[in-house]
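Model the full assembly from the supplied sequences, consistent with the hints where possible.
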Amino acid sequence: MKTIRSLVIPVVAAAMLGCAAAKPIQQAEVPKDKASAAYSRFEFTERNYQVNKLDVFLKLTNPTGGQVDITGGEFTATLDGAPIKLDASRLRGSAAANGEAEVPVGLEIALPSESGELQRTLAKKTYSLTVQGTLQTSAGAMPITAQLDNMPYPELPQIKLAGSGIARDADNKYGITYELELVNPNDFDIRVAYYDYVIVIDNKEVEKGRLFKGEKVPANAAQYTAINSAITPESVGKDLFRKIITANNLPYTVGGTLVIADMEIAIAETGKLNFNRDSNQQ
433 MKTIRSLVIP
443 VVAAAMLGCA
453 AAKPIQQAEV
463 PKDKASAAYS
473 RFEFTERNYQ
483 VNKLDVFLKL
493 TNPTGGQVDI
503 TGGEFTATLD
513 GAPIKLDASR
523 LRGSAAANGE
533 AEVPVGLEIA
543 LPSESGELQR
553 TLAKKTYSLT
563 VQGTLQTSAG
573 AMPITAQLDN
583 MPYPELPQIK
593 LAGSGIARDA
603 DNKYGITYEL
613 ELVNPNDFDI
623 RVAYYDYVIV
633 IDNKEVEKGR
643 LFKGEKVPAN
653 AAQYTAINSA
663 ITPESVGKDL
673 FRKIITANNL
683 PYTVGGTLVI
693 ADMEIAIAET
703 GKLNFNRDSN
713 QQ
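Numbering (the numbering used here), first residue to last: 433 to 714.
By construction, these hints were calculated from the structure, which means they are not laboratory data.
For lysine-lysine, the following BS3-like pairs were computed, each having C-alpha atoms within a straight-line distance of at most 27 Å:
{"id": "1", "residue 1": "K640", "residue 2": "K670"}
{"id": "2", "residue 1": "K557", "residue 2": "K648"}
{"id": "3", "residue 1": "K636", "residue 2": "K675"}
{"id": "4", "residue 1": "K592", "residue 2": "K648"}
{"id": "5", "residue 1": "K636", "residue 2": "K704"}
{"id": "6", "residue 1": "K640", "residue 2": "K592"}
{"id": "7", "residue 1": "K592", "residue 2": "K704"}
{"id": "8", "residue 1": "K556", "residue 2": "K517"}
{"id": "9", "residue 1": "K605", "residue 2": "K675"}
{"id": "10", "residue 1": "K645", "residue 2": "K485"}
{"id": "11", "residue 1": "K491", "residue 2": "K517"}
{"id": "12", "residue 1": "K648", "residue 2": "K517"}
{"id": "13", "residue 1": "K592", "residue 2": "K557"}
{"id": "14", "residue 1": "K485", "residue 2": "K556"}
{"id": "15", "residue 1": "K605", "residue 2": "K640"}
{"id": "16", "residue 1": "K675", "residue 2": "K592"}
{"id": "17", "residue 1": "K675", "residue 2": "K640"}
{"id": "18", "residue 1": "K517", "residue 2": "K557"}
{"id": "19", "residue 1": "K605", "residue 2": "K670"}
{"id": "20", "residue 1": "K557", "residue 2": "K485"}
{"id": "21", "residue 1": "K485", "residue 2": "K648"}
{"id": "22", "residue 1": "K636", "residue 2": "K605"}
{"id": "23", "residue 1": "K466", "residue 2": "K491"}
{"id": "24", "residue 1": "K605", "residue 2": "K704"}
{"id": "25", "residue 1": "K592", "residue 2": "K636"}
{"id": "26", "residue 1": "K485", "residue 2": "K517"}
{"id": "27", "residue 1": "K485", "residue 2": "K592"}
{"id": "28", "residue 1": "K640", "residue 2": "K704"}
{"id": "29", "residue 1": "K556", "residue 2": "K592"}
{"id": "30", "residue 1": "K592", "residue 2": "K645"}
Beta-carbon label-pair distances, calculated as ranges:
{"id": "31", "residue 1": "G669", "residue 2": "P515", "range": "54 to 62 Å"}
{"id": "32", "residue 1": "L511", "residue 2": "A470", "range": "14 to 22 Å"}
{"id": "33", "residue 1": "G497", "residue 2": "A542", "range": "42 to 50 Å"}
{"id": "34", "residue 1": "E540", "residue 2": "I677", "range": "49 to 57 Å"}
{"id": "35", "residue 1": "P515", "residue 2": "L554", "range": "18 to 26 Å"}
Cβ atoms here follow ideal geometry from the backbone N, Cα and C, with glycine treated the same way.
Dropping the structure here:
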């Protein structure tokens, strides 16, 4: 019988930057030329925990004695010159007297869904992003243009084979343990749809299944899973069973497809099986 156990292993503690509007203090007419708005920063976001969504933050600076409200805005965005999807629905907030406020423009990068094309796209590492438009405030309309060169693409999660081992219990039954890690190298959490895997030993498919279904992996962390599979002459065939219980560097592969949103990432890891060893690193 197959059992699976999971554990989240933090690698680096990473905190998402927060964004809170200043509390209203008073209402007053603010001369248009006193308050100003500009690009502040960007970050990949927790929205749906996907690797292709980010927020560009705009900062309203208010050096006057009265509150300035952000009421909306109209913006466009391009990625390497091509238009990309933009969400300006969250352009609401207030900058208190002598205060500041940040509001986000949400962007969605259309990454290819096919694994090979996705890998080639992300191999570029960086891109040029332009966001421009007008922020509407109670102090008037404020044009903003942000030209961000050499912005990093997010990195794809990885499935790593941490180890494997063959064991025999007191009832003389044999089993194989495969230890896998789902690694998130990004500074933001991600959510995995699922990982469909196939295990091949000595060129023969012996098992398949689905892991990490709907699981969230924290920023800069690895989620650990062990698959414990019973093996019998009936389940793998007599010849392969004999090879496994006398294994000495018997080759195997754990391969499959990792799915995040509509992106499919082909991943394959290889290792060697050895009997009477608790674990075997690649």
